[in-house]
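Novice: Each protein sequence line maps, in turn, to chains B and H. Residue numbering for the first sequence follows the numbering used here, beginning at 1330 and increasing consecutively. Residue numbering for the second sequence follows the numbering used here, beginning at 789 and increasing consecutively.
Do not rely on the hints blindly, as some may be mistaken.
[As the list claims (entries may be wrong)] Quick list of in silico lysine-lysine cross-link-like pairs, DSSO-like style, CA-CA up to 30 Å:
hint, chain 1, residue 1, chain 2, residue 2
1, H, Lys1239, B, Lys1419
2, B, Lys1373, B, Lys1419
3, H, Lys1329, B, Lys1373
4, H, Lys1055, H, Lys1130
5, B, Lys1424, H, Lys1238
6, H, Lys1239, B, Lys1424
7, B, Lys1373, H, Lys1239
8, B, Lys1373, H, Lys1130
9, H, Lys1238, B, Lys1419
Quick caveat, the hints were computed from the structure, so don't treat them as lab data. It should be emphasised that the depicted structure is a prediction, and the values quoted were computed from it without experimental measurement.
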Amino acid sequence: MAPMLALFLMLLMTVLTPRLFALGEAGPSDSNEIKKAWPTEGAKGELFHDVAGQLRCPTCTGLSVLESDARFSQQIKEIVLEQVESGRSKDDILKYFTQRYGAWILRSPPAQGFNIVAWALPIAILVLGPPAVWFFVWRRRRTVSTIGVRPTSDILREMDTRLAELRR
Amino acid sequence: MLADLGFYLLLLCCITSIYGSGAAVLSAVWRHRRLYRSSRLAVTSSLVMAGTAAGILLYSLFQRDYSIAYIFKNSSNDLPQVYTMSAFWSSLEGSHFLWTLLLTMYSTIALWTYSKDNEHIMPYVSACLQAVLGWMFYLLISYSDPFVRMFPPQANGQGMNALLQNPYMAIHPPTLFTGYTALAIPAAYSVAALLYGDITEGWLKTTRRWSLYAWCALTAGIILGGHWAYAELGWSGYWAWDPVENSSLIPWIFCTALLHSMIVQDKLGHLKRLSLVLAFLAFFFSFFGTFITRSGVISSVHSFAESPIGPNYLAFLATMLLVVALIYGFRAPSILPPEAEKVWGVSKESALVITQFLLLTLASIVCVGTLYPIVSEAITGERTTVQAPYFNTFAPWIGLGLIVAISVGNIMRYQSNKIPGGFRLMLWSLLASLPMAAALVYYGDVLATKKAYNLGAQLVGLVLCSWSICCLSGDLLGRVKDLRWNLRLFFGRNLAYFGGFVAHIGVLIAIMGFLGNYRGMQKIATLSSGESVDFYGYNLKFDKIEVNEHDNTTLYEGLINVHRDGQDLGLVRPARSKYVTTGNLNHEIGLLSTFWHDLYITLSDFDREGGKKATFEFHVNPTVRFVWIAAFVMVFGGLLAILDRFRGAKSRDTVRIDA
Chain B
1330 MAPMLALFLM
1340 LLMTVLTPRL
1350 FALGEAGPSD
1360 SNEIKKAWPT
1370 EGAKGELFHD
1380 VAGQLRCPTC
1390 TGLSVLESDA
1400 RFSQQIKEIV
1410 LEQVESGRSK
1420 DDILKYFTQR
1430 YGAWILRSPP
1440 AQGFNIVAWA
1450 LPIAILVLGP
1460 PAVWFFVWRR
1470 RRTVSTIGVR
1480 PTSDILREMD
1490 TRLAELRR
Chain H
789 MLADLGFYLL
799 LLCCITSIYG
809 SGAAVLSAVW
819 RHRRLYRSSR
829 LAVTSSLVMA
839 GTAAGILLYS
849 LFQRDYSIAY
859 IFKNSSNDLP
869 QVYTMSAFWS
879 SLEGSHFLWT
889 LLLTMYSTIA
899 LWTYSKDNEH
909 IMPYVSACLQ
919 AVLGWMFYLL
929 ISYSDPFVRM
939 FPPQANGQGM
949 NALLQNPYMA
959 IHPPTLFTGY
969 TALAIPAAYS
979 VAALLYGDIT
989 EGWLKTTRRW
999 SLYAWCALTA
1009 GIILGGHWAY
1019 AELGWSGYWA
1029 WDPVENSSLI
1039 PWIFCTALLH
1049 SMIVQDKLGH
1059 LKRLSLVLAF
1069 LAFFFSFFGT
1079 FITRSGVISS
1089 VHSFAESPIG
1099 PNYLAFLATM
1109 LLVVALIYGF
1119 RAPSILPPEA
1129 EKVWGVSKES
1139 ALVITQFLLL
1149 TLASIVCVGT
1159 LYPIVSEAIT
1169 GERTTVQAPY
1179 FNTFAPWIGL
1189 GLIVAISVGN
1199 IMRYQSNKIP
1209 GGFRLMLWSL
1219 LASLPMAAAL
1229 VYYGDVLATK
1239 KAYNLGAQLV
1249 GLVLCSWSIC
1259 CLSGDLLGRV
1269 KDLRWNLRLF
1279 FGRNLAYFGG
1289 FVAHIGVLIA
1299 IMGFLGNYRG
1309 MQKIATLSSG
1319 ESVDFYGYNL
1329 KFDKIEVNEH
1339 DNTTLYEGLI
1349 NVHRDGQDLG
1359 LVRPARSKYV
1369 TTGNLNHEIG
1379 LLSTFWHDLY
1389 ITLSDFDREG
1399 GKKATFEFHV
1409 NPTVRFVWIA
1419 AFVMVFGGLL
1429 AILDRFRGAK
1439 SRDTVRIDA
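Just chain B, same shape as in the assembly (with noise of 0.2 Å):
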């Protein structure tokens, strides 16, 4: 009985928004039923751009969820909004969403195991950069073997002192 209601209620819905399957991704939909607006003030609404803004749009490269309208990034930002509304916090909403995803989700990898190497390298060589450039450039003196290699200058103050000999 279950998958014969299945199957009809799917028919139902082929036939009641035909044209909402024909659009594909971040299309506008057809229906009457627009695009909600996310709201942009108040404490919320700062709370929504702060964790929309931490999420990745699993479907598009470089942008948050906050930045893009792909149909995805859409179900999330939905998500997040019911969360903020019911009063959850940052930390909860994105452990939410982690849970769920995975690290991956994040826009930043959180600063847990092996990813700790992302966060310490760029530090490391801020911290260690300048005493390495003081050792290595700045007070080592200079010891190079010259044997065998000359500069062009020499070479040519050579060999005007030898022409110059010569035409004596």
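Add chain H to chain B, keeping to what the hints say.
Specialist: Positioned in the frame of chain B, the structure of chain H alone reads:
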């Protein structure tokens, strides 16, 4: 028929390049002048043949010859003329071809316009360039062949990606590729200097010009790309730190670092080896960027093996890196520093070394961030994302350091820890910068920023940038005054200094523009026809949805009447465009641009039945125009510096600007 001819021409190009490279190596070993000339003719003939092949592809594009698969995939009958041309580089094979063509062109130019002082290293230069060309032509006839045929030919093509149908996309790739390929010349000169065992007299003069040229092209190319993203993608930003953008930024940073190490090399003869390494790395990373973005490795390690071009690129890059590392390892000791013992201390050259450090740190952070997801997936198996928030934690600090380095470094003197009138200059600059910063804060409406941290960052940034501009201007005035206001002498002799001044001002303007990102504002509203909304002093009234037919698109335009302070600012038309061939809906943004901010409107959704209701996203993006202006200023500065006749080998005995 023609397509076959194109393919065989590319095949011949591959053969001539390999011959040219081999001949050049032998001519260097045997000291055989005529063999070298033959290798130079080889690259010239490659240029002629590749140019003809490009002509064939272009001709076939305009003929809409859909028997060529590339043309079938990237164009269609209704494509406007401009985009029919830009279809040439709108996809992998074509853009690879364009890159190769440009590289052939610049190689040929470099080999024919050599300086007499560099005669000894030219065979090596020719060998390096043609070795790279040989491989690129090999790819063009194997995995990335633009002339692959299709049977049976279709009556219409699949059409060009709608996002690429934008004027900026018509000029952005050639500009960027110009930069990438021009970087090949300094890299080839570096490897040649190592192979030869010395930096020749004219080395600096030539590489400096090519690097500056590449730098200008890269600057213009990157910002054009940003402009494209801003105008086309509809997310109201110009820089997302995505891998494609990062991979164009990294060579730019290396090129910038190279220009700065060349100054020290020019003035004092130090940092020669750093210049060699930077010149090579700049070119290497332009390739590396293409590899990570085009091979699919960036989306997932697992998609890497799917296309044969990926492993091929990797093999080539690894070989190139290994060969150059070996050459460097064996030959670097032959590049001697100057005789005199060097005491770095507090001096301009030390400031330049600090600049190098900051730039290279930025490059490595961008590199780490871009590659981390790949590395992490390969090691732990877990997929991670590294996007804007990661880069934005580090970039502002580097920027801060760079502003200070620009202002203090520029007023310092070589080999001297004294800045003549330095403290006075810095103090006066501080005084002068306060009203300037105040004006920027007032007109830019900075105090409207909500978060305290963002406000603080902007205030610090604006004051520092203004201070920096005042320092640089004060230094410029001081130098002109030292020449007793003889502008002819100044511009005749110090064009390089002046070009640097202009470019640095450009960088500071750009940073002031970037600071606007801290105070962007957004409002989303669903409006019925005739309804209006107030946002940032604007009154925005939605009129209706208008449907317009264009060349190959249908535009659904949401008409918005903009008023400000009772003044009618006209109609803005954010739209969604539907391309006939693909059926996708793309953003066409509505933009009302002023000097201080942009009103950026996208039509997010609309009611298709009556066109009486629509959802809009309104953004106020402050100081975006600063970034576009900065691009012009920076490129102008770079071009001025190219024109300086006295840099390079001659400079030490003809110019004394640091008296």
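Novice: Please go over all the hints and tell whether each is borne out by the structure.
Specialist: Here is what the structure says about each hint:
1. H:Lys1239 x B:Lys1419: 17 Å, holds
2. B:Lys1373 x B:Lys1419: Satisfied, since the Cα-Cα distance of roughly 11 Å is no more than 30 Å.
3. H:Lys1329 x B:Lys1373: 26 Å, holds
4. H:Lys1055 x H:Lys1130: 13 Å, holds
5. B:Lys1424 x H:Lys1238: Roughly 26 Å between the alpha carbons, so the hint for Lys1424 of chain B and Lys1238 of chain H holds.
6. H:Lys1239 x B:Lys1424: It holds: about 24 Å lies between the C-alpha atoms, which stays within 30 Å.
7. B:Lys1373 x H:Lys1239: 15 Å, holds
8. B:Lys1373 x H:Lys1130: 61 Å, violated
9. H:Lys1238 x B:Lys1419: It holds: about 19 Å lies between the C-alpha atoms, which stays within 30 Å.
The structure is inconsistent with hint 8 alone, although it conforms to all the rest.
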